[in-house]
Amino acid sequence: MPIFDYECRGCGNQFEMLVLKATVAACPSCQSQDLKQLISAFAVSSEELSRARVKAARSKYINSNDVKDKRIEEARDIAEHDRDH
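Anchor point for the sequence shown: position 24 equals 55 in the working numbering, and the numbering is continuous, going up by one each time.
Read the hints as simulated data drawn from the structure, not as lab findings.
C-beta: ideal position from N, C-alpha, C; glycine also.
Don't take every hint at face value.
[To be verified] Estimated spans, in silico, between C-beta atoms of each pair:
id, residue 1, residue 2, range
1, Ala83, Ser60, 21 to 31 Å
2, Ile70, Ala106, 42 to 52 Å
3, Ile70, Gly41, 33 to 43 Å
4, Ile103, Glu79, 28 to 38 Å
5, Lys67, Ser90, 20 to 30 Å
6, Asp113, Lys86, 52 to 62 Å
7, Lys86, Cys61, 34 to 44 Å
8, Ser81, His116, 27 to 37 Å
9, Ser81, Ala56, 27 to 37 Å
10, Glu38, Asn94, 18 to 28 Å
11, Gly41, Lys86, 42 to 52 Å
12, Ile103, Pro59, 21 to 31 Å
13, Glu78, His112, 14 to 24 Å
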């Protein structure tokens, strides 16, 4: 799972992003997809560092509003189904 460094052309924010197969890269500050991929200043990676980055990316994904909203909706559907049956 590659981690890339980006700079947003819209707001100038520089950030790292874990890029998965279906990832659409966007600036976390302004959501712009107009990004410039940067050359990483430190290309050497240890297993521990890789695990930490994956953990941080998963945490960010799990805590995103989209995932929370889907889980709330799923819980409502289950509760409604249980009431009906």
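Against the structure, the hints:
Evaluation of the 21 to 31 Å hint for Ala83 and Ser60 yields a pass: the beta carbon distance comes to about 22 Å. Range check, Ile70 to Ala106: Cβ separation about 44 Å, and the 42 to 52 Å hint holds. A hinted range of 33 to 43 Å is violated for the C-beta pair Ile70 and Gly41, which are about 20 Å apart. In this structure the supplied range 28 to 38 Å holds for Ile103 paired with Glu79, their Cβ-Cβ distance being about 35 Å.
A hinted range of 20 to 30 Å for the beta carbons of Lys67 and Ser90 is consistent with their spacing of about 26 Å. Under the hint 52 to 62 Å, the C-beta atoms of Asp113 and Lys86, about 34 Å apart, miss the expected range. Checking the proposed 34 to 44 Å range against Lys86 and Cys61 shows it is violated: the Cβ atoms sit about 26 Å from each other. Distance hint for Ser81 and His116: a CB-CB separation of about 46 Å, inconsistent with the stated range 27 to 37 Å.
The supplied range of 27 to 37 Å is broken by Ser81 and Ala56, whose beta-carbon atoms lie about 19 Å from each other. For the hinted restraint 18 to 28 Å between Glu38 and Asn94, the CB-CB distance of approximately 24 Å keeps it satisfied. The hinted window of 42 to 52 Å between Gly41 and Lys86 is violated, with their beta carbons roughly 29 Å apart. Between Ile103 and Pro59 the beta carbon distance is about 23 Å. The supplied range of 21 to 31 Å therefore holds.
In this structure the supplied range 14 to 24 Å is violated for Glu78 paired with His112, their Cβ-Cβ distance being about 43 Å.
The structure fails to meet hints 3, 6, 7, 8, 9, 11 and 13 from the earlier list, while all remaining hints are met.
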